[in-house]
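Student: Here are the chains, one letter per residue:
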Amino acid sequence: MKVKMLSRNPDHYVRETKLDLHRVPRNYDPTLHPFEVPREYIRALNATKLERVFAKPFLASLDGHRDGVNCLAKNPKSLATVLSGACDGEVKIWNLTKRKCIRTIQAHEGFVRGICTRFCGTSFFTVGDDKTVKQWKMDGPGCGEEEEPLHTILGKTVYTGIDHHWREAVFATCGQQVDIWDEQRTNPICSMTWGFDSISSVKFNPIETFLLGSCASDRNIVLYDMRQATPLKKVILDMRTNTICWNPMEAFIFTAANEDYNLYTFDMRALDTPVMVHMDHVSAVLDVDYSPTGREFVSASFDKSIRIFPVDKSRSREVYHTKRMQHVICVKWTADSKYIMSGSDEMNIRLWKANASEKLGVLTSREKAATDYNQKLKEKFQHHPHIKRISRHRHLPKSIYSQIQEQRIMKEARRRKELNRIKHSKPGSVQMVSEKKKHIVAVVK
Amino acid sequence: METVPKPGSNVPPKKDRLQAKKKKPRRYWEQETTGTAAGASPGPPHKRKRSRELRPQKPKRNDTSKKFRISKKPRELKSPGPQRTFSGAQDPFAGPAPVNVEVVRKYCRIDKSKELPHAKTKTRSRLAVAEAQEEETSVRAARSELLLAEEPGFLEGEDGEDTAKIRQADIVEAVDIASAAKHFDLNLRQFGPYRLNYSRTGRHLAFGGRRGHVAALDWVTKKLMCEINVMEAVRDIRFLHSEALLAVAQNRWLHIYDNQGIELHCVRRCDRVTRLEFLPFHFLLATASETGFLTYLDVSVGKIVAALNARAGRLSVMTQNPYNAVIHLGHSNGTVSLWSPAMKEPLVKILCHRGGVRAVAVDSTGMHMATSGLDHQLKLFDLRGTFQPLSTRTLPQGAGHLAFSQRGLLAAGMGDVVNIWAGQRKASPPSLEQPYLTHRLSGHVHGLQFCPYEDVLGVGHSGGITSMLVPGAAEPNFDGLESNPYRSRKQRQEWEVKALLEKVPAELICLDPRALAEVDVISLEQAKKERAERLGYDPDARAPFQPKPKQKGRSSTASLVKRKRKVMDQEHRDKVRQSLEQQPQKQEAKPTGARPSALDRFVR
Chain F
1 MKVKMLSRNP DHYVRETKLD LHRVPRNYDP TLHPFEVPRE YIRALNATKL
51 ERVFAKPFLA SLDGHRDGVN CLAKNPKSLA TVLSGACDGE VKIWNLTKRK
101 CIRTIQAHEG FVRGICTRFC GTSFFTVGDD KTVKQWKMDG PGCGEEEEPL
151 HTILGKTVYT GIDHHWREAV FATCGQQVDI WDEQRTNPIC SMTWGFDSIS
201 SVKFNPIETF LLGSCASDRN IVLYDMRQAT PLKKVILDMR TNTICWNPME
251 AFIFTAANED YNLYTFDMRA LDTPVMVHMD HVSAVLDVDY SPTGREFVSA
301 SFDKSIRIFP VDKSRSREVY HTKRMQHVIC VKWTADSKYI MSGSDEMNIR
351 LWKANASEKL GVLTSREKAA TDYNQKLKEK FQHHPHIKRI SRHRHLPKSI
401 YSQIQEQRIM KEARRRKELN RIKHSKPGSV QMVSEKKKHI VAVVK
Chain G
1001 METVPKPGSN VPPKKDRLQA KKKKPRRYWE QETTGTAAGA SPGPPHKRKR
1051 SRELRPQKPK RNDTSKKFRI SKKPRELKSP GPQRTFSGAQ DPFAGPAPVN
1101 VEVVRKYCRI DKSKELPHAK TKTRSRLAVA EAQEEETSVR AARSELLLAE
1151 EPGFLEGEDG EDTAKIRQAD IVEAVDIASA AKHFDLNLRQ FGPYRLNYSR
1201 TGRHLAFGGR RGHVAALDWV TKKLMCEINV MEAVRDIRFL HSEALLAVAQ
1251 NRWLHIYDNQ GIELHCVRRC DRVTRLEFLP FHFLLATASE TGFLTYLDVS
1301 VGKIVAALNA RAGRLSVMTQ NPYNAVIHLG HSNGTVSLWS PAMKEPLVKI
1351 LCHRGGVRAV AVDSTGMHMA TSGLDHQLKL FDLRGTFQPL STRTLPQGAG
1401 HLAFSQRGLL AAGMGDVVNI WAGQRKASPP SLEQPYLTHR LSGHVHGLQF
1451 CPYEDVLGVG HSGGITSMLV PGAAEPNFDG LESNPYRSRK QRQEWEVKAL
1501 LEKVPAELIC LDPRALAEVD VISLEQAKKE RAERLGYDPD ARAPFQPKPK
1551 QKGRSSTASL VKRKRKVMDQ EHRDKVRQSL EQQPQKQEAK PTGARPSALD
1601 RFVR
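Residue numbers (our numbering), protein chains in the order written: chain F, 1 to 445; chain G, 1001 to 1604.
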């Protein structure tokens, strides 16, 4: 007879002294871990609930401007520095860590229309209603010195926007036409126009740095190549586009913030159909900015809210609003991808977390592991109705909520009418037009 | 292993110089290996050895990395590798540790045979990624089995010897003192036949006698926690989620005691309870009563979740399926019905025996169910969908009590005898031919349970309690986060909080516990259909083929039509082929039995 009994030495399973950690032997055999899926589901449900509990995105409000904030700019070399231009011509430089204004310049008479920093972070440019382009040093003036711009260019027309090249000493302004300037000269290197309307914004492509995009009030988006004298192509939409923003990771993708409450993500190689139509806002979208990862962007709207959209989704994942925030004019996503800044009509700049329930500060490794695990679980069970409902639930101000309902009814009525038209006309004579193609009027090359 | 050829040997001078060059950056450890290796065997000259070593290594590495992606990492972790190769010594265990495919399959969770209908390319690629990750994790989990500390027990007879003939006394004599102490008898003739229950960690034992004797003890150290007499008949006894709470089914009502023997609750809504089962992950106490009701009591909030009328008279046979928390009830008409609190009707009804069912047991994998009936038969059923008997055996007396161990041993109590059957391997069902062990007790068996994580079978009988040694019954390696027999009070408290946080709701109990992670194809199709109806067209439908205009002259209208027609014809042909493939099955089903007659052609 050969016999072996299971006989464990307790010393191998309990800690020796009270100072030790408890011993936890593991066995991953599935029969010892029954109900794996239901338990994970419950964990995911709890994690989703906790996420909503801890969703406190608002961090700080930077006040000090005496008029509405019209434009924002990030400093490419310093995460803590932010520049803002107001409607009374004042430019302020903020320190985000201290949440204080560190410098104030009376830059223009009338609006500051545009502001941008040089790629090296040593100086910045502003354009204003007084038909000037000014270059300023990032550091303040020394003791006894006057606050004066480095250079001032007097133009013939009002400039409405400015953007700096990402690598070279070249910047572009827009107004009646798109001008490309060398920093050393007082005249533009070249001016490009297509049509006769005022252009509201111009943006350099961060990857293919010779490319520019602009949007004008005659409802079109025009793309330029700096090396050519003429524009590349343009797409005409139903309504005016306010701004565009290039994807910092995919050179050929850009997103346009439109007056018709939607945002359109275009592939610049095929402008006739947008890659995605992002709809959730209930009023004109005024500004858009990509996260540095290129996976998400934030949009500011006239409906007093900002929304975060994933690039490949048509609905927003997040909406931020406060009682006091008025029409949001400008929005920026910080370079560390963690925060969002919004400048609004009622003279404040607000700082938000990009991920509403994220814990700020240094995490211990166990905290990190737990959040990662919960994140994965939420991802795994995101389509379950109960979890989906909780994670999608947002409290909205009454005005936005009722507008959403109203617009839903309107949309439904339009769709019904279209269906009826198809039904009662000769088969094939009226076609169903997809949402993506509906808003594109023409593409011109 | 390096041996430097002496300058005098007949090697071409060029090579000699090369070797002299190589010899320069020698380190002490290389010299050491030279000494020992050369001493062991004066091998072939240096250069040949090198080439032989290096060549087979390369394809090997490619091979392993292709098979298991993660194999790269442990390789990279072995940093002293390159130094050793300088010395010429070879890693005897190159590459990642080998993994048994069978073991990997045990950890595999995705069923690749199921295909999703009309999955989009994006979804399909995402699924492919998930599958690859799944494979990786299962390989890792399988590899981690190397770290398991304990080996399962066993009992083998010498050639020809029948293990069933081996008596408990022999086993006790043969094993070590600690194990021998696990065999004991409690002589409690006074308070009649006993029911018993081990706690989930296997550390504590509670028993209750028919005449009201209730006791709980730490049976390993033999420390008594409490001993009371409830002055009422005790039908069944059960630990709740931890050893601190005890549920006792008494003559009238269900009572809950703590480990000091203090009565905490008297649940009057559960009356005349005959059997108790506790579902640890749902915190549900299932009670079967004389009145024919199956009642689920949520012990975390104290609410009755469901009270189901089984409509089959007195319920006295109940067990739980530990795999999916479905309750199995045995009835006097020979059926076994499977219940979940979410349904008013039984999920399944299986006709198992002629005459009443006496006992039911389900193994820990949820694959097999053993039943015994008044017809003296012991049957083993397959629970994976078919519910068919796998094997049957007629016992002279018929088994009154059945229990499965963690490793799949089946114990049956017949009168005052306990028989235990074992399978060939761990996952296989017990073969009912030869018993593995038998034991005769001093009284009639009234309760049976294998102790979790110990090779012990607890038997409650009319003469008291007997703790039998059954080598190879229990899972040798416990998981410390799930149920730890050696846990401290603090650990238990922490575990309790975590377990309560992830309490599974009672509605999720169903036959397949993994159903929650699978795609609900039926409602998906339904939603698609509704969407198409609402929109007035199917947005996922394939657009009709539109030929692309070709270059220069080849794009005439005729050729366009021709191309279009070609594609249409191909599609039509595919459709016809599919319908043809389906037809013969129907035809085969029709003619059965009689010879074909000439008049068959007129049959419609």
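Because the hints were derived from the structure by calculation, they are not lab data. There could be a bad hint or two in this list.
[Said to hold, decoys possible] Calculated pairs, DSS-like style, for lysine-lysine (alpha carbon to alpha carbon, straight line, at most 30 Å):
1. F/378 with G/1564
2. G/1122 with F/4
3. G/1165 with F/4
4. G/1182 with F/388
5. G/1114 with F/2
6. F/388 with G/1120
7. G/1122 with F/388
8. G/1564 with F/380
9. G/1564 with F/438
10. G/1528 with F/376
11. F/56 with G/1114
12. G/1165 with F/445
This structure is a prediction, so every number in the text was calculated from the model and none was measured.
Student: Which earlier hints can't be squared with this structure?
Tutor: 1, 2, 4, 5, 8, 11, 12
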